[in-house]
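**Student:** So the sequences go chain by chain: A and B.
So in the numbering used here, spot 141 of the first sequence is number 141, and the numbers just go up one at a time.
So in the numbering used here, spot 65 of the second sequence is number 65, and the numbers just go up one at a time.
Among the hints, a few may not be true.
[As the list claims (entries may be wrong)] What the simulated footprint calls covered on chain A by chain B, stretch by stretch (three residues with Cβ under 8 Å from a Cβ of chain B suffice, anywhere in the stretch; the number is not a length):
id : region
1  : 117 to 130
2  : 138 to 150
3  : 181 to 189
Hints listed in this document are in silico derivations from the structure and should not be mistaken for laboratory results.
Bear in mind the structure is a predicted one, so any value in this text is a computation, not a measurement.
All residues carry an ideal CB built from backbone N, CA and C; glycine is no exception.
Protein chains: 2
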Amino acid sequence: MARTGRRPGNSGSREAILEAARAAFGERGFSDASVRDIAVRAGVDAALVHHFYGTKEQLFAAAMKLPVDLSVAMPALLEGGVVGLGERLVGFFLAAVEAGGDQNSLLALIRSVASHEQSAAMVREFVSKAVLGPLAASLEMPDPDLRATLVGSQLIGLAMVRYVVRVEPLASADSAAVVAAVAPTIQRYLTGELG
Amino acid sequence: MARTGRRPGNSGSREAILEAARAAFGERGFSDASVRDIAVRAGVDAALVHHFYGTKEQLFAAAMKLPVDLSVAMPALLEGGVVGLGERLVGFFLAAVEAGGDQNSLLALIRSVASHEQSAAMVREFVSKAVLGPLAASLEMPDPDLRATLVGSQLIGLAMVRYVVRVEPLASADSAAVVAAVAPTIQRYLTGELG
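Using the sequences and the hints given, assemble the complete structure.
**Tutor:** This is the structure:
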C-alpha cells in the first residue's frame, strides 16, 4: 500500500495503470480483478483510473489495445433492431479485426486465447460481459445465451481461418462477399430456428 | 545418409519414424516434407514408412496423433451425397474432437495453430489436402473452395468456443442440440446461396 496516492506525471500514470491492469487481469481474470486493486498496483487513486479510462470494460479494452470501444459500439449495433443485425455484426467484426493490419491486437488476443488457459478465462469473462451479454439481452427469443455463443463461434472461426491460419480463398476474399456469405448464418443464430 | 537402412526393432522404427515425421513436417510443412526425407531422418527405408503408415496424409495423422483416419472418413462422409452432408459433417467433427477428452490431439493442434505460424502453415496444407480439397471436389456448385473454407471457419470456431475457451452455454450443450443448430449453417455453405 506504500505507493498508493503517489502521482507521477499524467502520461506516466496512464502507462502505469495500463501495465497494472494487464497484470491484474492476467492474474485474477476480468471478473475478479478490481479497479481498486489496479489503482493500488499503479500507485494512483481509483478515481484517477476511472477518470482516465472509464469503466472496467473500457480499461480492459485500453489495456489490451482493442481497436474498438464496445461500450459504444455494441449499443449502436443493437439499437438498429434484430432485422439485419447479422449483417451489421459481421461487417463490424471484420472492420474491427482488419483495423491495424498485422499489428491488430484482436488477433493477438485470439492467438493467446487459444494457447493460454489464463488468457482464455480472462477473455471469456470480458467477452461474455461486454459482447455476449448485451447481445443475448437484446434477443426476444428462446435460448438467447446459446444463440449469442453460436454467433461467437462463427465469428471467431472466421477470424481464425481468414486472418490467423489464412486459408485461401477465404483469406483473400472480398470483405463484402464474406459479409454476404456469413451474415445469414449469424442472422439465423440470432432469430431463426435452432432445430 | 549414414543412418539409412539401419533397422532397429519394429517398435523402435515406428517411433523413430513418427519423431522424424513430426520434425520434418514442423520444419518443412506438410507439402514440402517428403516420405523419403522422413525415412532418411529415421534411419529406415522409405518402403518401411509406407508399410507402417501408408500415405503421407496417414503418416501426418499418426505423427500428430489425430483420432481419425481422414483418408477413410472423408470418402465415407461424402459418398452419402450432399443431402444431409451438413449434419453428417458436424456430427463427425464433434465426435472426432470429443474423442479422447482433454488429451485430444485435435484440440492440441488447434491451439498450436493459433499461436505458431509454422504450425499454422503445416496444418493449413494438411487440412487443405485431406479435408477441404475432397470436400470442395464433391460440390457441384460455384465457388467450391470458398464454400469448403466457410465450412472450416464454422467448425474451427465451434471447437474454439465449445472446447478451447469453453464459453457457456455452448460448452455444455448437448451434442445433438449443437448438431441441430449448426448443421443448417454447414449445409448452406455447401449447397445454398452465398449471397
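**Student:** Would you mind marking each hint as holding or not holding in the structure?
**Tutor:** Quick rundown of the hints versus the structure:
{"no.": "1", "hint": "117 to 130", "verdict": "holds (count 5)"}
{"no.": "2", "hint": "138 to 150", "verdict": "holds (count 5)"}
{"no.": "3", "hint": "181 to 189", "verdict": "holds (count 7)"}
Every hint from the earlier list agrees with this structure, and none is contradicted.
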